[in-house]
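S.K.: Taken in order, the sequence shown gives residues -28 to -1, 1 to 623; the numbers are from mature numbering (1 follows the signal peptide of the UniProt record, and there is no 0).
No lab work stands behind these hints, which were simulated from the structure alone. Possibly wrong hints are sitting among the right ones.
[Said to hold, decoys possible] Dumping the calculated PhoX-like pairs for lysine-lysine here, alpha-carbon to alpha-carbon at most 20 Å:
no., residue 1, residue 2
1, K260, K169
2, K145, K169
3, K366, K460
4, K447, K464
5, K266, K169
6, K296, K224
7, K366, K339
8, K260, K275
9, K161, K247
10, K526, K470
11, K485, K447
12, K224, K294
13, K296, K366
14, K161, K145
15, K294, K266
16, K145, K275
17, K266, K247
18, K472, K545
19, K485, K346
20, K545, K591
[Claimed, not checked] Simulated restraints on C-beta separations:
no., residue 1, residue 2, range
21, K346, Y496, 18 to 28 Å
22, Q443, Y484, 15 to 25 Å
23, Q452, L535, 48 to 58 Å
From the three backbone atoms N, C-alpha and C, an ideal C-beta is built for every residue, glycine too.
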Amino acid sequence: MAFIKTRKKIVSSAIASSLSIMAGHAIAQDQAAQLETIHSEASSEQKQSLKVDKSANSKFVAPLLNTPKSVSVISKQLLEDTQVTTLSDALRTVPGITLGAGEGGNPNGDRPFIRGYNSESSMYVDGVRSSTSQNREMFAVEQVEVTKGSASAMGGAGTTGGSINMVSKVAKKGDALEGSVAAGTDAYKRITLDANKDFGNGIAARVAVMGHENEKAGQHNGAEYSRVGIAPSITFGLDTDTRATLSYYYLKSDDTPDSGVPYQYDTVNKGSAGKPVEVKPGVYYGWKDRDFQKQENQNGTIKLEHDLTDNLTISNTAVYGKSKNNYVITQPDDSQGNVANGQVWRRANTRITDTTSFTDQLALTGKFNTGSFKHSFNTGVEYSRQDSDRGNYKVTDTNTSAINKDSCLLANSNGWCTDLNNPNANDPWLGDIASNRRSTNVTTQNTSLYFLDNIELSPQWLLDVGVRWDQFDSKWTAIQDQTGRDGKVTDKAGTQYKSKSDFFNYQAGLTYKPTENGSIYASYATSSNPVGVDGGDGSEGINSGANSYINELKPEEVRTMELGTKWDLFNQKLNLTAAIFRTEKTNTRSTDANGLTSNIGETRVDGIELGANGNITDKWAVSAGYTYLDSELIDGGFEPYRVCRRVFYLS
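Could you put the whole structure together from the sequences, leaning on the hints where they help?
M.R.: In structure tokens:
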């Protein structure tokens, strides 16, 4: 589409003064996310550090040092040190991730690409999929875990290049109080509070709250962002065999987004090649009287755990969520060849999405021995359903020629056209905006069974295995008549298209430990990406026009091969990692010569990755990483996202 997205880093120029409040007796207690008590080595609070030894996700059945897979953890300490406020900003500290936002002129939400592959639908909160389109906040997040490489044996459908798991702040033992007030340039204002109260008798409550406002750095009278959030939780049965945690998450945002600069075509009218226009920094083409993006996200969670024995725990997690993402935004468009005349058409892109979801996970986690072999395992069943209503806004104007005219005329455009070099964001909006909330509906259901096991064959050799079966169903329904660009009806109201697939995925890894503090591993893992994996609430949804062929489409198939090593040095305070890998994707969905969607593509990404996290000395901590990616289009299909071959991060 005809625009280039600028980097949306909310606090890039904020020079903030902050006030932190912390109860003195809570410093030693407010350290890390609560983990399953079945793993005694991870159940106690660890000293806060850039180095994390154990994942908070119980599907990682071994310490990270002994896990034959690349895993990057953005620890609580790193989140505090970098003062990031959004997930997108937090992910900038992880090499191997590129961020897409607004492709096609649509600001869906967070869209990370892990090792070159779209991971928008591979987001999790406390191990539960969260694939709705949203801009995620960090005020209620303890740490972020990025799993790299195919991982459907653990996470299910999707997880092509990896997955992202956000660990929530929940009630725990001990009293703690922490807050911050910040102000800075670009009208930056932020206030947060995180309070935990231990009532005794195994009961504790916690609440995190946030309020935030800012303008986009470097712009005058441009994009604006505003949001509020609250995340309370209460836990019963701390330090007992039976535990229950009830939690709620709410985030509401009201933004005036920025869609970047237009793309100038080489030919005057509707060309096919060109480049971004060269304009002064900070230019904003939005229409503040018309543009908006309003999001609202709610999740309620009930987690129950019971220790059957010292080495066996059963748990059930149920999550119900609601999400809204509505917008009218300006796409600075040159499809009519106006940029050559020094003008820009402010095309209106719109969307209304209402999504509800339900997930239930039942898991059994534990340890057992078979002869001399020691097993650490997690097995379970999962069910999820997501229902998304999609619609749009009908944007009309008294001067319809201002919307459709091949050449903008500033004097007669009612604001639809603006100057290329000096756009006026405050042009009055004289038209009408009417909502059309339910145009289509997409429903997905996923049922799965899985088993994960880490087997200690001997003190030097570990075998990691996992298998998962998924049945994934998706259905697209036209609530209203659907029309194409030419205005002709493509699908009548009531039309339905369905896709049903089931697939197995597995992972296997062999780890050799030459010493207790080191490991060398080789691993192989697969993943499957079915039609409608994002439930119609993202960039990979089922779209009108190709629906009649979805029954013939198979899931995209992915496999990752990796060879790596991990070492804990300096008295276990610093972790060093290195890996080489290859990810291959076949059955890639792509548009063929007849304009139909087919499984015709194949892509490949080769790469190397280096990492260092922890303390070199007591006063010198480091979080550093380097990734080199080499992507190749093997056979048709789309090429993975524009991958930077070298990605480097150091803090």
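S.K.: Hint by hint, say whether it matches the structure.
M.R.: Hint check results:
no.: 1; hint: K260 - K169; result: 43 Å, violated
no.: 2; hint: K145 - K169; result: 8 Å, holds
no.: 3; hint: K366 - K460; result: 17 Å, holds
no.: 4; hint: K447 - K464; result: 16 Å, holds
no.: 5; hint: K266 - K169; result: 33 Å, violated
no.: 6; hint: K296 - K224; result: 9 Å, holds
no.: 7; hint: K366 - K339; result: 58 Å, violated
no.: 8; hint: K260 - K275; result: 43 Å, violated
no.: 9; hint: K161 - K247; result: 36 Å, violated
no.: 10; hint: K526 - K470; result: 12 Å, holds
no.: 11; hint: K485 - K447; result: 48 Å, violated
no.: 12; hint: K224 - K294; result: 12 Å, holds
no.: 13; hint: K296 - K366; result: 18 Å, holds
no.: 14; hint: K161 - K145; result: 31 Å, violated
no.: 15; hint: K294 - K266; result: 14 Å, holds
no.: 16; hint: K145 - K275; result: 17 Å, holds
no.: 17; hint: K266 - K247; result: 31 Å, violated
no.: 18; hint: K472 - K545; result: 48 Å, violated
no.: 19; hint: K485 - K346; result: 15 Å, holds
no.: 20; hint: K545 - K591; result: 12 Å, holds
no.: 21; hint: K346 - Y496: 18 to 28 Å; result: 23 Å, holds
no.: 22; hint: Q443 - Y484: 15 to 25 Å; result: 37 Å, violated
no.: 23; hint: Q452 - L535: 48 to 58 Å; result: 53 Å, holds
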